[in-house]
Each structure stands twice: as structure tokens, then as C-alpha cells.
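Visitor: As they're listed, the protein sequences go chains A and B. Numbering-wise (numbering that gives the first Met the number 0), the first sequence opens with residue 0 and increments by one. Numbering-wise (numbering that gives the first Met the number 0), the second sequence opens with residue 0 and increments by one.
These aren't lab readings, by the way, just hints derived from the structure by calculation. One should not assume that every hint holds.
Label-pair distances were calculated between CB atoms; the ranges are [stated by the list, open to error]: (1) Gly56(A) / Leu29(B): 24 to 34 Å; (2) Leu209(B) / Thr252(A): 21 to 31 Å; (3) Arg277(B) / Asp58(A): 46 to 56 Å; (4) Thr252(A) / Glu138(B): 54 to 64 Å; (5) Glu138(B) / Glu89(A): 44 to 54 Å; (6) Ala261(B) / Leu209(A): 51 to 61 Å; (7) Asp25(A) / Gln141(B): 21 to 31 Å; (8) Asp25(A) / Asn279(B): 46 to 56 Å; (9) Ile85(B) / Asn279(A): 26 to 36 Å.
Cβ atoms here follow ideal geometry from the backbone N, Cα and C, with glycine treated the same way.
There are 2 protein chains.
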Amino acid sequence: MKCMKYNLAFIGFGNVGQGLARILVDKKNLLKKRHNFEFNVVAVSDIKKGSIFDENGLDLEKLLQLVQKTGTIENYGDGQKGLSSIEIIEKDTADIIIEVTWTNLETGEPGLTHIRKALAAGKHVVTTNKGPIALAYRELMQIAKVHNVFLRFEGTVLSGTPAISLALEDLAGAYVKSVRGIVNGTTNYILTQMEAGASYEEALETAQKLGYAEADPTMDVEAWDPVAKITILANVVMGGDLKVKDVERRGITSITIEDIKAAQREGERIKLIAKAWRENGEIKAKVSPEKVPLTDVLAHIGGTLNALTFDTDVLKEVTTVGRGAGGVEAGYALLSDMLAINRYLGGTR
Amino acid sequence: MKCMKYNLAFIGFGNVGQGLARILVDKKNLLKKRHNFEFNVVAVSDIKKGSIFDENGLDLEKLLQLVQKTGTIENYGDGQKGLSSIEIIEKDTADIIIEVTWTNLETGEPGLTHIRKALAAGKHVVTTNKGPIALAYRELMQIAKVHNVFLRFEGTVLSGTPAISLALEDLAGAYVKSVRGIVNGTTNYILTQMEAGASYEEALETAQKLGYAEADPTMDVEAWDPVAKITILANVVMGGDLKVKDVERRGITSITIEDIKAAQREGERIKLIAKAWRENGEIKAKVSPEKVPLTDVLAHIGGTLNALTFDTDVLKEVTTVGRGAGGVEAGYALLSDMLAINRYLGGTR
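From just these sequences and the hints, can you work out the full model?
Guide: Structure (C-alpha cells):
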């Protein structure tokens with residue numbers, strides 16, 4: 000296997016981008032030695048933190064320290080400042096674009112434009128951005144195909160815990176009849192706290208204090224986030240062509256302690272279940288609170304943990320369990336996508 | 000991605016070989032259309048059922064029907080009969096050798112010789128045979144490397160449920176600190192039956208009636224099978240160099256209903272746990288019955304199900320759950336290995 004060196008450009012440098020940067024700094028030698036993967040970061044561009052470009056390579060450790068101390072990368076020193084994300088993407092320099100801007104489930108922007116332009120410019124793209132993949136998977140894969148580049152997005156579902164690669168690669172020869180699981184850690188944490196006796200309001204407050212829930216928790220508690228994820232799974236893993244609005248959606252805001260206790264009395268637990276299945280030749284998807292019997296592994300996925308069960312023809316049910324959020328975890332998802340690209344390009348044995 | 004066509008030779012045609020053959024027949028068109036994978040079966044050789052070779056390709060459906068009706072493939076009609084496994088392996092015709100003879104944990108034979116010779120002859124090898132991988136992983140990978148071919152063995156651990164590919168590919172950039180799990184369905188079924196009130200003897204008898212346990216259940220109940228699997232995991236996933244005899248081993252034959260009940264009273268379940276971990280710079284491994292708290296997902300893996308938890312640096316714990324045995328499941332493992340080879344050779348996008 001040959002050692003490949005890639006020029007990387009970060010588009011977005013928030014929690015996830017910094018998570019990947021930290022891993023890349025820590026594992027630099029190991030990645031070269033064990034995986035024949037070398038890299039050079041040629042650009043970092045973030046709408047709030049500034050933009051630095053240097054085709055000779057940036058010092059990632061220095062950038063991390065700078066952003067942690069000052070909140071921006073404006074005072075980096077060397078390199079070219081002020082290029083827009085699009086300008087960086089369209090330069091010839093980068094081989095892989097790391098798209099980690101924020102998720103927008105209505106327009107997919109600005110990530111959608113970033114990914115379109117990067118693929119059309121012949122660059123591989125790795126992303127954790129759910130918006131573009133939930134909204135435009137088929138279109139983007141078509142652009143990737145035409146330009147003979149990879150588009151990978153492991154981190155859009157279950158963060159770094161293998162889900163997309165598991166389904167597309169490890170389960171490649173299996174036929175996925177349905178997918179079902181817990182794909183949002185915030186709501187699972189709230190429901191787990193409620194089982195232990197907290198009210199919805201108390202549980203949400205704790206989740207916010209611990210950083211598991213946003214100040215505005217709508218995306219999680221009203222189930223928009225799991226809807227985006229099940230849309231991705233339905234389209235990517237099961238061959239569907241669903242839109243986010245096609246997915247039946249019910250969040251957890253109306254769940255009471257009484258509901259939780261009633262379920263417990265029946266030997267069940269209430270979980271926010273995202274699922275996609277086949278019905279009369281069509282792919283359907285839904286997210287809603289469901290009573291899950293204790294005989295189901297999903298009933299035992301507590302706290303912020305996530306899990307997905309793929310029901311297949313040849314293997315029956317295969318379940319993957321792990322963390323579904325976190326900067327380092329999502330950063331790892333991007334690394335795992337880049338290592339996959341490297342294996343395919345380098346010809347692993 | 001180009002469509003690749005492979006000549007396949009089955010060395011061994013028992014439960015697992017027939018499981019793969021059934022999948023290949025059923026999915027032939029799909030594999031070509033969806034995965035650009037075409038095949039031609041040029042040989043089937045089994046010590047009990049006979050040996051047929053035809054470089055123009057054998058009719059797999061006909062072979063399956065023949066072996067199911069008559070127990071042999073001697074009356075296939077066309078093709079060359081009577082070649083030994085070694086002769087077939089050393090012919091130029093096959094591209095991939097499917098090694099599915101029986102597991103021998105003392106010598107690894109005859110599988111070890113088959114795999115050595117196949118790799119040295121420049122052929123890719125896919126296998127579910129635990130013996131050669133548990134005993135000679137490093138040596139075999141070295142031969143594969145020298146001859147620039149793939150050796151893949153997903154089915155040696157957890158059958159078709161992703162375990163080896165999950166660890167080596169999806170978790171490639173993560174550092175596995177330990178592996179821990181339930182990797183033997185027979186003993187897990189017996190322990191689950193005992194929790195429901197059966198004695199060890201009753202549970203074993205039921206397992207034998209259902210085909211989950213062999214007439215001589217020693218390999219399972221004395222934990223030789225899970226020892227082989229944890230040896231493979233320790234060496235392949237964690238970089239160890241353990242021998243089967245280095246692994247501390249205790250089976251389930253001395254577990255009583257009283258032990259099970261005592262554990263239940265403490266809110267725990269007894270599971271036969273296989274684990275490998277790092278200690279003072281060394282890799283250690285052990286298989287023994289352990290009390291597992293109900294807060295651990297492994298406590299909820301019942302019946303013949305298997306599960307493995309990888310504890311990693313960047314993702315913390317990642318768990319995979321699924322069936323760990325069965326002809327079709329193990330057959331699928333071989334297919335998934337071949338599809339992986341095809342993706343690497345064909346340059347997936």
C-alpha cells in the first residue's frame with residue numbers, strides 16, 4: 000500500500016472541526032505509520048472565527064490553541080486571510096474538503112453549496128452536516144460520480160459510532176428491510192431522567208446544564224434532528240427518496256411522568272424511536288415516542304447513548320450501539336471517512 | 000467503478016459453504032447490478048462430498064440440490080472429478096479461495112495449509128475457519144502481503160455480524176483499549192435457559208435438540224470456541240501475539256442454578272464473557288463466566304445472540320449485536336469479505 004498525502008481544507012471550525020483537528024494533531028504519526036495516511040491542512044475557514052489559507056500548510060496545534068484562547072484565528076500570523084469558503088473550495092490546492100458548518104434542514108445552506116462546488120471541482124468531501132445529505136443525497140452522489148470523487152458522511156448519523164459505513168460496506172450484500180433505533184442523545188437522556196423520577200422540565204434543565212441540550216431545544220425535543228437522520232438512513236441505506244417533510248414526526252414534549260410510569264407497569268420503556276420500513280413497495284419513515292419491551296436491546300440504551308437496529312434478509316437483526324454526539328466523536332467520523340477514502344485510493348491489502 | 004468477475008473455488012462444502020452458495024445463487028443479479036461483482040464457481044472440493052472442477056464454471060444451484068438430495072456431489076456429471084483441495088488451490092484458475100473446512104484449534108489443519116498455499120499462489124482467501132487465524136494470523140498476513148493478495152476472515156468472530164471489518168475498517172483510526180463480549184451462542188442460550196429455571200443438563204439437552212449445541216458440546220461449554228475468537232480479536236484488532244493456550248479459560252459446566260439465582264438477587268446476570276485488554280504493555284485475554292450488571296448492554300443479550308463491546312480512545316464504547324452462528328449468516332460473512340475485496344480492487348466511489 001502506498002502512502003498518500005492529502006491537502007485538507009476545513010470549512011467550519013466549531014466543535015466538530017476542532018474535534019477532528021485535535022485527533023489529527025494527536026494521531027499524526029500513527030496515521031502515517033499504521034494507515035499510510037499523511038495530511039497537510041491548507042485552509043481553515045469559519046464564518047465567525049475567520050479564514051486562513053496557506054498552500055504550504057498550517058500549524059493545526061497553533062490554530063487550536065489560538066481559537067481556544069481568543070475565539071478566532073484572525074491572529075494566526077502567516078498565510079492568506081479573508082478568503083471566502085467558496086474561494087477556498089474552488090482553489091486547486093485542497094484534495095479533501097471537510098464540510099462542518101451548521102445544519103440547516105430547510106435549505107441545507109451554506110453546506111449544500113459548499114459540497115456541490117467542492118465535488119464539481121473534483122474534490123473529495125467528508126461531512127457531518129445533516130442538512131445537505133438529508134435534503135440532496137441523490138443529487139450530490141450524482142455530482143460525485145460524474146467527477147469521480149468520494150462523498151462520505153459517517154458523522155451525520157450516530158456521530159462516530161459506525162452506522163453509515165456499517166450499512167453501506169459491512170452490510171453491503173445484505174438487503175435492509177427496515178432500520179429502527181434511538182438516534183438522538185438529548186431526548187434519550189431526558190426520557191432516562193424521567194424514568195428515574197424527574198419531570199420533563201427538570202430533565203430538560205439538567206440536560207441543558209450538562210450541555211446535552213441547546214438553550215433552544217426544539218431541534219431535539221420536537222424530533223427534527225432524528226427526522227433528518229432517519230431521512231438519511233431511508234435514502235442512503237434503503238434506497239428511498241424521502242424528503243424531511245415526508246417523515247411523520249412527534250417529539251417528546253407531551254410525554255408525562257404518568258406515561259413513563261404506565262409503560263413501566265407494563266414492563267416497557269418509552270423511547271423516541273426513529274424508523275424506516277418498506278410498505279407496498281414504498282419506503283416510509285417515522286419518528287415518535289414508542290413503548291419498547293424490555294426484551295428489546297433498544298430498551299436498555301440509556302442516557303445519551305444511541306443505537307440502531309438494521310433488520311436484514313441474511314443476518315436478521317444487527318444492532319450498533321454507541322455515543323451519538325460530541326466534538327471528538329464527530330471529529331472521528333470525519334477521520335474514519337478519510338481513512339476509508341485512503342484505503343480505496345491506496346489499495347489496501 | 001468497473002465490474003469485476005472472479006473465479007471462485009470452494010474448499011469445503013458443508014453448512015457454511017452451502018450457506019454462501021445459496022446466497023450467491025439468490026443474489027447473483029443483484030451483486031452484478033448493485034456491486035459490480037460477478038463470479039464463476041470453478042471448483043467445489045469437500046473431503047466427504049467429493050470434488051468437481053470445471054474452468055468454464057459449475058452450476059451452483061444444481062450442486063446445492065445434488066448435495067441436499069444425495070449428500071455428495073459425485074454425480075454432478077460435467078467437470079473433472081477427484082482433484083484434491085491442494086491441486087485445486089494450486090491451479091491457475093481460481094482468483095478467490097473460499098476456505099470453509101472444519102476448525103482445528105490444535106494444528107489448524109487442513110485449513111492452515113490450504114490458506115498458506117492459496118496466498119502463496121497469489122490468490123485472495125476468504126475464510127470462516129477459526130483455526131488458521133487463531134494459530135497463525137501474523138504468518139498468514141505476511142504471506143498475503145508478500146504476494147499482494149487479500150486474506151479476510153469476517154466470519155471467524157460473530158459470524159456475519161460485523162466484527163472484524165467493524166474493528167479494522169470502521170474503527171481504523173481509533174485505538175482499541177479492550178474488547179469484551181459474548182461470542183458463543185450455545186453457552187449464551189444455555190445460560191438464558193437456566194435463568195428461566197432449567198437445570199444445566201436440561202438446557203444443554205434443549206440446545207442439542209434445537210441444533211444449537213453439538214452432540215459433544217465440549218468446544219462450546221468448555222469455552223474453546225470463545226477462546227479461539229478472543230485470541231483472534233486480541234491479535235487482529237489489538238496487535239497482540241497470543242497463542243490459544245495463553246488465554247485463561249473457564250467454561251460454564253460448573254455453573255449451577257444457585258449461581259444464576261444468586262446473581263439475579265444482586266441485579267446481575269451470569270454471562271460467559273470473552274475479553275482482551277492491555278496490562279503493563281501486554282495484551283491479555285480471558286474467557287470465563289462473569290456477573291454482568293443490568294446497566295451493561297451485554298446483560299440483555301439473550302438466547303443465541305452475540306455481542307462485542309470495543310472500548311476505544313475517541314469513541315469510548317462501541318457495541319455490535321447480532322447472530323453469531325448459522326450457515327447463511329456465516330455464508331454472508333464470506334460474501335461481505337468478497338465484496339470488500341471487490342471494492343478495493345474496483346475503486347469504489
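Visitor: Kindly confirm whether 46 to 56 Å is satisfied by the beta carbon distance between aspartate 25(A) and asparagine 279(B).
Guide: 23 Å, violated
Visitor: Taking the Cβ atom of arginine 277(B) and the Cβ atom of aspartate 58(A), is their distance within the range 46 to 56 Å?
Guide: At 32 Å between Cβs, range violated.
Visitor: Holds or violated: 26 to 36 Å for the Cβ distance of isoleucine 85(B) and asparagine 279(A)?
Guide: Violated: the Cβ-Cβ distance is about 53 Å, outside 26 to 36 Å.
Visitor: Does the beta carbon distance between glutamate 138(B) and glutamate 89(A) stay inside 44 to 54 Å, or does it fall outside?
Guide: Roughly 50 Å apart at Cβ, these two residues keep to the hinted range, so it holds.
Visitor: Would you say the C-beta atoms of leucine 209(B) and threonine 252(A) sit inside 21 to 31 Å of each other?
Guide: Since the Cβ atoms of leucine 209(B) and threonine 252(A) sit about 46 Å apart, the hinted range of 21 to 31 Å is violated.
Visitor: Per the hint of 54 to 64 Å, is the separation of the Cβ atoms of threonine 252(A) and glutamate 138(B) within bounds?
Guide: 60 Å, holds
Visitor: Confirm or reject the claim that aspartate 25(A) and glutamine 141(B) have a C-beta distance inside 21 to 31 Å.
Guide: 30 Å Cβ-Cβ, so the 21 to 31 Å window holds.
Visitor: Okay, glycine 56(A) versus leucine 29(B) on CB: inside 24 to 34 Å?
Guide: 45 Å, violated
Visitor: Quick check: does the Cβ-Cβ distance between alanine 261(B) and leucine 209(A) fall within 51 to 61 Å?
Guide: Violated - the Cβ-Cβ distance for alanine 261(B) and leucine 209(A), about 36 Å, lies outside 51 to 61 Å.
Consistency with the previously given hints fails for numbers 1, 2, 3, 6, 8 and 9, ordered from lowest to highest.
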